[in-house]
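Novice: Knowing the structure of chain R, use the given hints to seat chain C on it.
Number of protein chains: 2
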Amino acid sequence: MKFKWLFVLASALALPASGAWANDELMKMEKNANEWVMPTGDYSNHRYSTLKQINKDNVKNLHPVWTFSTGVLRGHEGAPLVIGNMMYFSTPFPNIVYALDLNKNGQIVWKYEPKQDPTVIPVMCCDTVNRGVAYGDGKIILDQADATVVALDAKTGQEVWKVKNGDPKKGETMTSAPMVVKDKVIVGISGGEFGVQGRVTAYNLKDGSMAWKASSVGPDNEILFDPEKTMSMGKPVGKDSSLKTWEGDQWKIGGGATWGWYSYDPKLNLIYYGSGNPSTWNPVQRPGDNKWSMTIFARNPDTGVAKWVYQMTPHDEWDYDGINEMILADIPVKGKETKALVHFDRNGFGYTLNRETGELLVAEKYDPKVNWATHVDMATGRPEVVKQYSTQAGGEDHNSKGICPAALGSKDQQPAAYSPTTKLFYVPTNHVCMDYEPFKVSYTAGQPYVGATLSMFPPAGDNHLGNFIAWDAGTGKIVWSDPEPFSVWSGALATAGDLVFYGTLEGYLKAVDMKTGKELYKFKTPSGIIGNVMTYEHAGKQYVAVLSGVGGWAGIGMAAGLTKDTEGLGAVGAYKALANYTQLGGVLTVFGLPE
Amino acid sequence: MKFKWLFVLASALALPASGAWANDELMKMEKNANEWVMPTGDYSNHRYSTLKQINKDNVKNLHPVWTFSTGVLRGHEGAPLVIGNMMYFSTPFPNIVYALDLNKNGQIVWKYEPKQDPTVIPVMCCDTVNRGVAYGDGKIILDQADATVVALDAKTGQEVWKVKNGDPKKGETMTSAPMVVKDKVIVGISGGEFGVQGRVTAYNLKDGSMAWKASSVGPDNEILFDPEKTMSMGKPVGKDSSLKTWEGDQWKIGGGATWGWYSYDPKLNLIYYGSGNPSTWNPVQRPGDNKWSMTIFARNPDTGVAKWVYQMTPHDEWDYDGINEMILADIPVKGKETKALVHFDRNGFGYTLNRETGELLVAEKYDPKVNWATHVDMATGRPEVVKQYSTQAGGEDHNSKGICPAALGSKDQQPAAYSPTTKLFYVPTNHVCMDYEPFKVSYTAGQPYVGATLSMFPPAGDNHLGNFIAWDAGTGKIVWSDPEPFSVWSGALATAGDLVFYGTLEGYLKAVDMKTGKELYKFKTPSGIIGNVMTYEHAGKQYVAVLSGVGGWAGIGMAAGLTKDTEGLGAVGAYKALANYTQLGGVLTVFGLPE
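Heads up: the sequence lines are chains R and C, in that order. Count the first sequence with our numbering and you get residues 437 to 1031, in order. Count the second sequence with our numbering and you get residues 437 to 1031, in order.
If you're looking for bench data, these hints aren't it; they were derived computationally from the structure. One thing to keep in mind: the hints can contain errors.
Intra- or inter-copy, both count: the list cannot distinguish identical chains.
Pairs of lysine-lysine residues, derived as DSS-like cross-links and limited to a Cα-Cα distance of at most 27 Å, are as follows [stated by the list, open to error]: (1) K496 - K958; (2) K977 - K496; (3) K977 - K958; (4) K540 - K954; (5) K671 - K772; (6) K859 - K467; (7) K1012 - K540; (8) K1012 - K547; (9) K591 - K1012; (10) K1012 - K551; (11) K591 - K805; (12) K540 - K496; (13) K649 - K606; (14) K954 - K703; (15) K540 - K958; (16) K547 - K958; (17) K496 - K951; (18) K665 - K496; (19) K675 - K665.
Next comes chain R alone, as it looks inside the complex (with noise of 0.2 Å):
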């Protein structure tokens, strides 16, 4: 019934398609290369600047022009926006937002700190991360870990609305970036550790009043599928996708969380991202292909009817969530120009789809050492699982050994970046395999739904758990490869001045050729960097920005305090030597070349 009613509701909504959104603003806005509009950069999630006064040729020159301490430990991810002389950032919990006035070194216009109930830092599965903050029609929006969505006044930061968007006694909070399209204000949910129903949900940006909301597992009506148009594989879904491929009531603590990036193409009216983890992450307890989850979606702003999916990952095993950003780019693909969706599966492949119809093009191995799967078939769509690395196939309290990748992915949330000029993808990966034991877990509200026990390490023969990759989308191919010591947990920026960068989990700023990789700069930031690096140009120079702060899930043994390397403990012994580089804090540094 409730349903019913949104339904109406984001109909009549979406009548005005063709008049005054605030996207109108966000797509003249978007185009200007001084400013950086949303976390994304961008609609298409391209990470890419057009600016060129920082090259290949004076990077070696760059360096700091002024910082700012976030008064506020533990991991930060996400990257500040930049609007007119103004510079946005949101930080872990408590989730302070600040205005910094870029005529004056970074001072103070406002800060936010909302009132948050502190009992939902364990509910938090990851560290207390928060993925940034976005902007429209005046308003800065910010998802609190509480699960509250709230607007501020750009100007001022007062609160315009509330709203909440899910209880952190269920385990339901929130760690990513809002992103406005259209009149909405589109956001995910957090809890896939905790049997959330995983769902995207759309806000109307001018009261915080809901549009409509699309689960990722359950009815039709509940996922906003029509089963005769919803497409997946070339066909269409049909009726009940979802729950017939799940046992009895499971899917209703079945997970799909929605945690990480969106995107946006206008021109075909559609927004993409990607479904977590089924849960629990006991394979045993959950038969079936578990569809939603692990899924890419393309749905309509307006409406959130679902256009086509993909499920990469059916019945999970591995933790291998579907979230990574889908990045929107026009390249050819096996020669063919195309309208393709690019996304870096935790699972360690890196998927070509034609983002119109969901068609599947390329599916690659973006990491060498990826092995749980042999590969993907391209008539079903679905991955050749290796029996050895299947949990499922092990059976509960048998730990599958050297599955790679580890429950992290070959990438997690850090986002890759695209580039026009080369048309290929710079993508920050982790380099890391597990040990894998599944035991069977009861389900109690708000309590940790887990049901493994994970150690993870680098793959057999490396010491290294990184590489920094430029990677060729139409063929599936690693074009040039640059190792790290860690996981890359930063997003890359790639710019005009034919320049990619990007943080390391030891707090290095890089600067690589954007053709060969080769490392043309690189600065120690204050702590580790899990941070998206920016540009922006003001009053005629241009700046790179970036925050450091370790934490995140790889960094989240010094984050979380937690010293011991604990066997099962998963990324907390593979990361332990982190401490030896860089400690905690949160800081922005703001680069420049000289004057």
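Specialist: Same frame as chain R, now just chain C:
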């Protein structure tokens, strides 16, 4: 009895005075400008470096070359040491000590984190600061907040010895930097706001056994005075010089804490330091001169026995602690070459004494707005108090208005620098006044024993809270003065590059022309600077380094999260606007010139 035994022990240890003491090594090392072997730069507290690669012509090109987050919020006073390829520094509570490798952009060689009961935090009056570690004989010495002194192996960070120097349950804590003199470690104690009986203690560097202990107040055998030989204003102090100036047993909770800086003249074989306020802050409760609170001490480092003393503020009525550093310089005083001791007291007078005899040579106001006394009588050494600003005269529960300086003084612990090239002193100052209302207070061990409420503000007619000045200590005159919006709570550094460096509470590292005070460079570090600027040379290149991390007394509102401008909360109100400029967070920033 205990005292006698100690006295004998100290005398015995003093025998090999011409032998190979630890300070033979230190005295060589302090002359090596490449290193920075003690928090004060050298035994004379000059904070001057002969390095001049960075000079007034090229300082405009200075920029950060690497940075390091300490992982600790709250106020970062102190400065790193540089010894060989290693850098050592301590953080505020929990007093982590870091040993960083200068060959590897500050990679961590070892980290020491003492286990301390966090209940010590509320016993620390003015933020949980720590002013740095000392080096001697292959050991790094740390004064912990909980009044433990620990010696660490400089190579490994392993504990060599540990000794309890006080009891936090009685309000005894430690914030100051130890100083290694000969074969001893000289340490002070904090707790003037808790009725602690102040003292200086010397521990044997080798094993941490106590060599001697000298109280600031009390009987002659506790204050280590020789009634016949210990001099004051040219005369022997006589018997019971302290006891006679207190009513009853008040001296036992009489303060005179010793939490400031130490200096040492190896030729005269004397150490110098000052004692803090008499307890309580309510002067009505403690009639008399309250000797030897507020006093400069010259003591023999072998025995602890005082050679001379000079009390600057008899019967303090304003909390004008005398703990600020003693700078030892051979300068012309009124035309005559003099072995001088120069001291910028909280009470607003800049004192110049003959450091051999304690003779008072100059006492002039180094902030023209100082109003509590008209002048210092050079015959008696006593200030001429203005009745309007006497809180004793006003009496209990009377609010004395507009006293300058405020309790935190025209300068507090933030150390000045001295340049032998200009023979001038470069002084970070506070430009702050107060209203002061004493009230009756009872003593309970471990509870605040303050007995006054105060509010702070800039002097009438001014809207800035600080000045950075150059001072001629031979004539007692300001040579130049740079106004600053907030108190300059950072220590200064003078160099042979004709530069003086200091930090600001908003977070700027500044370099000014030593001769004119003209600002030549500034850089916004991540947080407000209350650390002390230092310099060193590594692999042929000069660097300047400073800890940022706002806090300290001036920043206590931010550090302790006191967000309301509560009347009577001392510094909180005056510095409230700081939160518009900077946030908490400890970061070391190392600066260099471009390659």
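Novice: Next step is simple, just say for each hint if it's right about the structure.
Specialist: Going down the list of hints, with the structure as the test:
1. Taking CA atoms no more than 27 Å apart as the test, K496 paired with K958 passes in both settings, with 8 Å inside one copy and 22 Å between copies.
2. Proximity of K977 and K496 under a CA criterion of 27 Å is satisfied in both settings, with 16 Å inside one chain copy and 18 Å between copies.
3. Taking CA atoms no more than 27 Å apart as the test, K977 paired with K958 passes in both settings, with 20 Å inside one copy and 19 Å between copies.
4. Taking the shortest Cα distances, K540 and K954 sit within 27 Å of each other only across copies (20 Å), while inside one copy they are farther apart (35 Å).
5. In the homo-oligomer, the alpha carbons of K671 and K772 lie at most 27 Å apart inside one protomer (23 Å), although the nearest pairing across protomers, at 100 Å, exceeds that limit.
6. For the homomeric pair K859 and K467, the shortest alpha-carbon distance inside one copy (19 Å) is at most 27 Å, but the shortest distance between copies (59 Å) is not.
7. Proximity of K1012 and K540 under a CA criterion of 27 Å is satisfied inter-copy only: 19 Å between copies versus 39 Å inside one chain copy.
8. Taking the closest pair of Cα atoms, K1012 and K547 come within 27 Å of each other only across two copies (14 Å); inside a single copy the shortest separation is 34 Å, beyond that limit.
9. Taking CA atoms no more than 27 Å apart as the test, K591 paired with K1012 passes between copies only; the shortest distance there is 22 Å, against 42 Å inside one copy.
10. Taking the shortest Cα distances, K1012 and K551 sit within 27 Å of each other only across copies (21 Å), while inside one copy they are farther apart (33 Å).
11. Proximity of K591 and K805 under a CA criterion of 27 Å is satisfied in neither setting, with 49 Å inside one chain copy and 39 Å between copies.
12. Taking the shortest alpha-carbon separations for K540 and K496, both the intra-copy value of 26 Å and the inter-copy value of 18 Å come in at or below 27 Å.
13. Taking the closest pair of Cα atoms, K649 and K606 come within 27 Å of each other only inside a single copy of the chain (18 Å); across copies the shortest separation is 60 Å, beyond that limit.
14. For a Cα distance limit of 27 Å, the shortest separation of K954 from K703 qualifies neither inside one copy, at 37 Å, nor across copies, at 58 Å.
15. With identical chains, the CA atoms of K540 and K958 are at most 27 Å apart both within one copy (26 Å) and between copies (13 Å).
16. Taking the shortest alpha-carbon separations for K547 and K958, only the inter-copy value of 25 Å comes in at or below 27 Å, while the best intra-copy value is 31 Å.
17. In the homo-oligomer, the alpha carbons of K496 and K951 lie at most 27 Å apart inside one protomer (17 Å), although the nearest pairing across protomers, at 34 Å, exceeds that limit.
18. Taking identical chains as interchangeable, the C-alpha atoms of K665 and K496 are never at most 27 Å apart, the minima being 53 Å within one chain and 65 Å between chains.
19. For a Cα distance limit of 27 Å, the shortest separation of K675 from K665 inside one copy, 11 Å, qualifies, whereas the shortest one across copies, 102 Å, does not.
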